[in-house]
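There are 2 protein chains.
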Amino acid sequence: MSDLKNDRFLRALLKQPVDRTPIWIMRQAGRYLPEYRATREKAGDFMTLCSTPDLACEVTLQPLERFELDAAILFSDILTIPDAMGLGLYFEEGEGPKFKTPIRTAKQIENLPIPDPEDELKYVMDAVRTIRRELNGSVPLIGFSGSPWTLATYMIEGGSSKTFSKSKTMLFNEPKLAHMLLGKIADSVVSYLNAQVAAGAQALMIFDTWGGNLAHHMYSEFSLNYMKDIVSRLTRENDGRKVPVILFTKGGGLWLNELADSGCDGLGLDWTMDITKARQMVGDRVALQGNMDPNTLYASPDVIRQEAARILAAYGNGSGHVFNLGHGITPDINPEHVAALVDAVHELSEQYHR
Amino acid sequence: MSDLKNDRFLRALLKQPVDRTPIWIMRQAGRYLPEYRATREKAGDFMTLCSTPDLACEVTLQPLERFELDAAILFSDILTIPDAMGLGLYFEEGEGPKFKTPIRTAKQIENLPIPDPEDELKYVMDAVRTIRRELNGSVPLIGFSGSPWTLATYMIEGGSSKTFSKSKTMLFNEPKLAHMLLGKIADSVVSYLNAQVAAGAQALMIFDTWGGNLAHHMYSEFSLNYMKDIVSRLTRENDGRKVPVILFTKGGGLWLNELADSGCDGLGLDWTMDITKARQMVGDRVALQGNMDPNTLYASPDVIRQEAARILAAYGNGSGHVFNLGHGITPDINPEHVAALVDAVHELSEQYHR
Chain D
5 MSDLKNDRFL RALLKQPVDR TPIWIMRQAG RYLPEYRATR EKAGDFMTLC
55 STPDLACEVT LQPLERFELD AAILFSDILT IPDAMGLGLY FEEGEGPKFK
105 TPIRTAKQIE NLPIPDPEDE LKYVMDAVRT IRRELNGSVP LIGFSGSPWT
155 LATYMIEGGS SKTFSKSKTM LFNEPKLAHM LLGKIADSVV SYLNAQVAAG
205 AQALMIFDTW GGNLAHHMYS EFSLNYMKDI VSRLTRENDG RKVPVILFTK
255 GGGLWLNELA DSGCDGLGLD WTMDITKARQ MVGDRVALQG NMDPNTLYAS
305 PDVIRQEAAR ILAAYGNGSG HVFNLGHGIT PDINPEHVAA LVDAVHELSE
355 QYHR
Chain G
5 MSDLKNDRFL RALLKQPVDR TPIWIMRQAG RYLPEYRATR EKAGDFMTLC
55 STPDLACEVT LQPLERFELD AAILFSDILT IPDAMGLGLY FEEGEGPKFK
105 TPIRTAKQIE NLPIPDPEDE LKYVMDAVRT IRRELNGSVP LIGFSGSPWT
155 LATYMIEGGS SKTFSKSKTM LFNEPKLAHM LLGKIADSVV SYLNAQVAAG
205 AQALMIFDTW GGNLAHHMYS EFSLNYMKDI VSRLTRENDG RKVPVILFTK
255 GGGLWLNELA DSGCDGLGLD WTMDITKARQ MVGDRVALQG NMDPNTLYAS
305 PDVIRQEAAR ILAAYGNGSG HVFNLGHGIT PDINPEHVAA LVDAVHELSE
355 QYHR
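Which chain is which? The protein sequence lines are D and G, in order.
The opening position of the first sequence corresponds to residue 5 in this note's numbering, with each subsequent residue numbered one higher.
The opening position of the second sequence corresponds to residue 5 in this note's numbering, with each subsequent residue numbered one higher.
Hints in this document: simulated from the structure, not taken from any laboratory.
Nothing here was measured: the structure is a model prediction, and the numbers come from that model.
Treat each hint with caution, since some may be false.
Each pair may be met inside one copy or between any two copies, as identical chains are not told apart.
What the hints assert, rightly or not - Quick list of in silico lysine to any residue cross-link-like pairs, SDA-like style, CA-CA up to 20 angstroms:
(1) 188 <-> 178
(2) 9 <-> 23
(3) 9 <-> 244
(4) 111 <-> 183
(5) 102 <-> 358
(6) 170 <-> 305
(7) 104 <-> 284
(8) 102 <-> 246
(9) 46 <-> 306
(10) 170 <-> 66
(11) 180 <-> 307
(12) 111 <-> 70
(13) 254 <-> 221
(14) 170 <-> 332
(15) 254 <-> 100
(16) 246 <-> 163
(17) 104 <-> 307
(18) 9 <-> 116
(19) 246 <-> 289
(20) 180 <-> 304
(21) 254 <-> 313
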């Protein structure tokens, strides 16, 4: 495999010196891009787009052709694992993801298979291999998975939820069952992420989208502990370079100290946390990724530039910051506004790396 | 007006000694109670229920007849103020509240009236007077309002929102306009809450349901500052007793220190914050209210009892804690489970007040 032409993203996650702050954008390959919508239409439906390596590669590369981003992220969905476990993922127009067979009983959990990443999930690994080849060393490729708790909520609820009442009822009333389920998911995530690294992923990110909805004492037990376990079992080298791991609990600002001790290299920050305080709190333990409110991209290019300047200044001098939004970009954003953000980070961040 | 037979709630908020930890439940008069559903059906629709003082009184008292709660809370809605400003509140089945005329322009904001609480909002004051009379001094009555930021989101979006993109775009692109709107809402809230106190409310609570969605630096400027301003202008005495004020920013755990300096008496805590840490952080500045995950009520009565015990122990000895959920009770909760919680708090809290 070829050498990396731009390793700013990997270096920043390891707190090694960089010339400027790297930037990528959560959901950068997404509906806000007209070229994405065209490929999506060609594919017919979302899961066909995910499961056709050439199309997944095509949309992964689209934002990099438009903007000077410092990383690519595999185009896929966090629900590939439960789907491969046989839950029957489907999407209802305007309703988000659903599962035909939600998981509620001990018997169902016992019978859940650990998917073979080169069999049921081979389409993901093929996408990773295709994207790595097409990137040709221009920027690193990020692989990813959902966290066990986040995946479990969809599996137990049978889809999205506002309150997570069914999943939380299991945590309260049948904690052993919940642990059995979370353990199986964690094993699947380890095997899935390690296969992504073997297929070419150069960094990994675990999305704990719903961890921030757990009560304080339950977050450690039911979400963080499983992410820690996963991190300890991941392949951390590829092509002779360290594979950094980023953990992102949305709404996890209150648990930053515990997250910084998880063994990961970087922490995703949403926009509610002051990045100055966050940096003081985590010290040299981890790098930080974030933390612009995705709604900032609705603002005018001038305001976007001011906000980028504010966040860069709030992080301050030195490496260890990957610029990003604090959550995925929304579908109705003007791509010109993304260009304004990327330019601003390029131009304004050099002063912090002299 | 008669003396209070049970002033545990007021005393706890002022950190005065109590015999046991007081408890009330956010949205205690709500759809989980069959008697509420019956009155709601009799009323026909939600706004008729809110705007008919006898019916509002009826549902306010229902949970107190079932459970030994230590406070009543006025049955109303946070959107009464924008409705009285002429935005045309209506409810679409299963869609939440909507406004016929969302607020987007300077002209609209300039023309917004400050509602007269004894005119357009007289039905609320009549409800307060009726409830006070019917309570007959059994427990104190809490009056309430939404926070300016929370009300502004509904007014700008025209209803509920997941991302608050329109409201945040105003904050970013037209901050002066946003401040004009928030200032008018704050004036209305002050007049509304002071009228509730004049009508008989013995404590006040401000619900900042959406403050926790603001970026760190924007929370102070656009939400907290307006709540501080309101608190400084409230009538703080009724029947010769102090009227305590509770501020509740859902998801506000990261701003607890700033909230504790706001001049209020109590802070509502959702379930993501460790109440032990919260107490250490706020010290003697304020009392704390919360912080059980509302989903706990889906658990078995035994687990509910364990969780109540855990939270009481985590707060520890002494006054200054009002037991509550960290957000409103959901409609599909079994009322027997609420009884189990109330009993547990009664029985298990005495040991912390000897």
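Quiz item: Hint by hint, which ones does the structure fall short of?
Solution: Hints 5, 7, 8, 9, 10, 12, 16, 17, 18 and 21 not satisfied by this model.
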